[in-house]
Amino acid sequence: MITEPELFSNVWYLVLFVSLLYLSAVLFRKPKSSSVKKQEKIKESDKDIVTRNDSIAYTLQWKVGNLNYCWLKEKKSIKSPTFTAEKLNDTKWSLELCGKKKNDDDFVSVSLNREKDRFGPEFIEVKYQLALLKQDGSILKNRDIGEDDFKRNRAGIWHMDEKLEKVFDTEKKDFLSEDTLTIQCKIWKKDEKPIMSELLSARTIFKVHLKSFVWKIEKFDFLRPDDFLVINELKDGLINLDLAINDEVLSEKSLFIDTQSLSECVNFVSFKASIINSEGDKVNFRNHEYIDDDLEEGISFPLQFKESMLTEYRSLYFPDNVLSLDCEYILSTTTALFECASCGNPSSSALSVDVKGDAGEEEPNLVSDLAKDLKSIHSNAILCDVELRTSSQTFPAHKAILSARSTVFRRMFDNDMKGKRTSHVKIPELDDATVHRMLTYIYTDSLGYLQMDTASKLYMAADKYDIPPLKRRCSSFLKDNLRPVTVCSVLVLADMHQDKELKSAVQCYIMEHDKEIFDTLEWKHFMATNLKLAADVMHLKVSQVRSGHEMR
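Under full-length UniProt numbering, residue 552 is the last one in the sequence shown; the count climbs by one each step, no gaps.
If you are wondering where the hints come from, they were derived from the structure by calculation, not from laboratory data.
Simulated restraints, written as ranges between beta carbons of each label pair:
hint : residue 1 : residue 2 : range
1    : ARG314    : THR422    : 48 to 54 Å
2    : GLU328    : ARG143    : 39 to 45 Å
3    : ILE382    : LEU531    : 51 to 57 Å
4    : ARG410    : VAL283    : 45 to 51 Å
5    : HIS436    : HIS539    : 38 to 44 Å
6    : HIS436    : ARG472    : 18 to 24 Å
20 Å max Cα-Cα, derived EDC-like pairs, lysine to aspartate or glutamate:
hint : residue 1 : residue 2
7    : LYS282    : ASP326
8    : LYS500    : ASP466
9    : LYS189    : GLU147
10   : LYS141    : GLU178
11   : LYS464    : ASP431
12   : LYS141    : ASP106
13   : LYS189    : ASP90
14   : LYS457    : GLU501
15   : LYS87     : GLU192
16   : LYS503    : ASP466
17   : LYS479    : GLU522
The structure presented is a predicted model; accordingly, all values stated were derived computationally and were not measured.
Glycine included, C-beta positions come from ideal geometry on N, C-alpha and C.
With the hints as extra help, turn the sequences into a complete structure.
Here it is as structure tokens:
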């Protein structure tokens with residue numbers, strides 16, 4: 001057993017040993033080289049800079065999609081989503097794009113606005129620089145650095161203008177790559193040198209609706225002035241058309257396709273019509289674009305037939321006295337989809353106050369290349385090993401690709417492993433167009449342009465053959481394009497496929513637009529044929545009204 005004097009003696013020797021080690025380390029330590037000392041000084045100075053000045057610049061980047069279908073005319077403007085600059089005293093900002101006239105020329109003008117905020121100062125002095133970018137991020141055009149004292153809810157004095165013709169025509173390839181204009185504004189506090197920059201990005205996408213249809217007008221010879229034919233196929237709730245005939249002049253006959261009704265949210269219409277002759281070829285008549293002012297007056301699209309078409313070439317253009325018109329229209333609505341995100345530092349080159357476009361090469365779009373290759377082997381029927389058969393058509397396909405996208409097809413082809421070869425699959429419940437669209441999606445992940453009826457059929461196919469991503473995209477399309485005249489059919493579809501999310505979205509839409517929907521013929525027919533679904537909706541409405549009264 002260790003006595004107390006011995007314990008004290010051991011502790012003393014331990015302290016002495018540690019002290020000797022420390023002393024030797026100090027005496028024999030190598031002196032620091034000058035380069036190491038210099039690096040340490042630089043680090044210390046960097047700390048001092050950060051401590052003395054923690055100023056930050058913000059790079060606001062706004063992409064405007066489908067701009068071709070949003071007519072920029074004088075005094076008409078588009079505003080970006082709001083950007084919040086936390087390090088600039090929590091101030092809020094937006095970018096604005098508008099059309100203007102100057103010296104009889106049309107221009108696209110970009111400006112920086114300060115929005116209303118709760119916490120920012122009444123005035124803030126900033127410097128900023130506006131620019132238009134290429135798709136790769138390099139600068140097409142920029143303005144000199146400006147400075148201004150921004151009051152709450154006030155636009156900047158400095159604008160950047162570019163000729164409308166350059167943006168939408170002569171240099172469209174650069175300005176509107178993939179029909180998207182990219183606007184950038186760098187902003188920082190006046191009298192401060194920013195040491196870092198944060199990227200705030202936003203996107204505005206204008207909704208575009210495309211529809212095409214064949215309008216067959218029978219007994220064309222018997223049409224007389226003041227006759228009207230109403231097209232019934234257009235059920236999208238945005239536009240309805242009728243066809244009127246005028247007096248015959250010099251043996252020529254003119255038809256006018258007029259708007260019977262047009263939604264107020266439509267601000268751009270492009271219309272194209274062609275005659276389908278007896279050989280199935282399309283003969284283009286003309287196409288025309290209509291903007292806000294035209295739409296207020298109403299659209300009248302003339303189709304004039306020459307005498308020769310009515311006489312010597314009659315059998316070619318009017319077989320069996322039937323006029324077949326191939327019509328296509330594109331609508332743009334004032335509804336826009338907004339996205340806004342904070343993305344941290346944009347890049348090292350963007351940290352400089354003088355913004356310069358010096359971008360590297362983009363990496364190849366591998367996903368796009370793969371989609372093209374898969375589309376090629378599908379459309380050219382290369383090495384196909386199975387056929388999908390509807391009641392009227394056969395579609396060659398590949399078992400491996402179908403199995404990768406659909407569990408239903410995978411189970412079908414599992415029999416191949418058991419010695420039972422499957423060379424074709426019968427799918428008579430789907431029409432040809434739906435199978436074509438489904439295969440296009442399976443091979444390319446692309447849907448193309450959808451309409452409510454085609455999206456509904458594709459939704460049913462995706463559910464039957466268990467293709468969840470396709471079902472989600474069709475569901476999303478149906479929800480985004482609900483209208484009073486289509487809501488009943490979508491509700492039936494959602495209930496039939498036990499899709500609670502889609503059903504709930506439809507019911508919410510009905511609650512928000514009840515006055516419009518409950519007065520329609522579609523709703524009256526729906527109540528007669530789908531009593532339980534209609535009762536569920538009315539129960540929700542009653543509950544909503546009751547809860548509103550209780551809150552009061």
